[in-house]
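Asks: Single-letter residue listing:
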Amino acid sequence: GESVGLHLPTLSVQEGDNSIINCAYSNSASDYFIWYKQESGKGPQFIIDIRSNMDKRQGQRVTVLLNKTVKHLSLQIAATQPGDSAVYFCAENIFRNQFYFGTGTSLTVIP
Amino acid sequence: ETGVTQTPRHLVMGMTNKKSLKCEQHLGHNAMYWYKQSAKKPLELMFVYSLEERVENNSVPSRFSPECPNSSHLFLHLHTLQPEDSALYLCASSQEFGPYEQFFGPGTRLTVL
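Sequence lines, in order, name chains A and B. For reference, each letter of the first sequence is one residue, going 1 to 111 in the working numbering. For reference, each letter of the second sequence is one residue, going 1001 to 1113 in the working numbering.
Each computed DSS-like pair below joins lysine-lysine, with the alpha-carbon atoms no more than 30 Å apart:
(1) B:K1022 x B:K1041
(2) B:K1040 x A:K71
(3) B:K1036 x A:K68
(4) B:K1018 x A:K42
(5) B:K1019 x B:K1036
(6) B:K1036 x A:K42
(7) A:K42 x B:K1041
(8) A:K56 x B:K1041
(9) B:K1040 x A:K56
(10) B:K1040 x A:K42
(11) B:K1041 x A:K68
(12) A:K68 x B:K1040
(13) B:K1036 x A:K71
(14) B:K1019 x A:K42
(15) A:K71 x B:K1041
(16) A:K42 x B:K1022
None of these hints come from the bench; they were simulated from the model.
Please put together the full structure from these sequences, using the hints given.
Replies: Written out as structure tokens, the structure reads:
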């Protein structure tokens, strides 16, 4: 499944499938991006980050892709598990070293 | 656990009450942040402290008053709040102020009656 930016706030995927969550960012000068995961009742948890001099970065089961031309960021989760169910949001580092956070996409993994 | 703790986890207060939120980080970081998270809205940065000096104040009403006595502790003093201030208040810390990963605490769920 795939969600697009902030306009589709929910995403449901079957356990074992790959998930793709997208984020459109606002500032072409942003040079650092983070994906966070927030489970119910918890604070946001760092997943992976990427700087603007890279197009792709991989972690454990997660990959972040950055397309600076269209100001687009995506998070790919391989072999999605029930424990991946959470809200995912991207953050871009903007002027004055502040982060702008998206509203997030709610991922539900169906067993 | 992220190394950032917040107390209390839940708080209910009347509009005339005075209360304080506490945040402590055990990571040796030099920057600490207060954010407000309301339902279906992005995280809103409220205050930033770097080496115990306030470096950002994002037009936050004076009924919210931050205090950073040292680099490990951050408080948010609350006074005469409004019902629309009900939200999840998150504390975070980072190695330095700037484009660095921020580590978040679990938040304080605040309800203003």
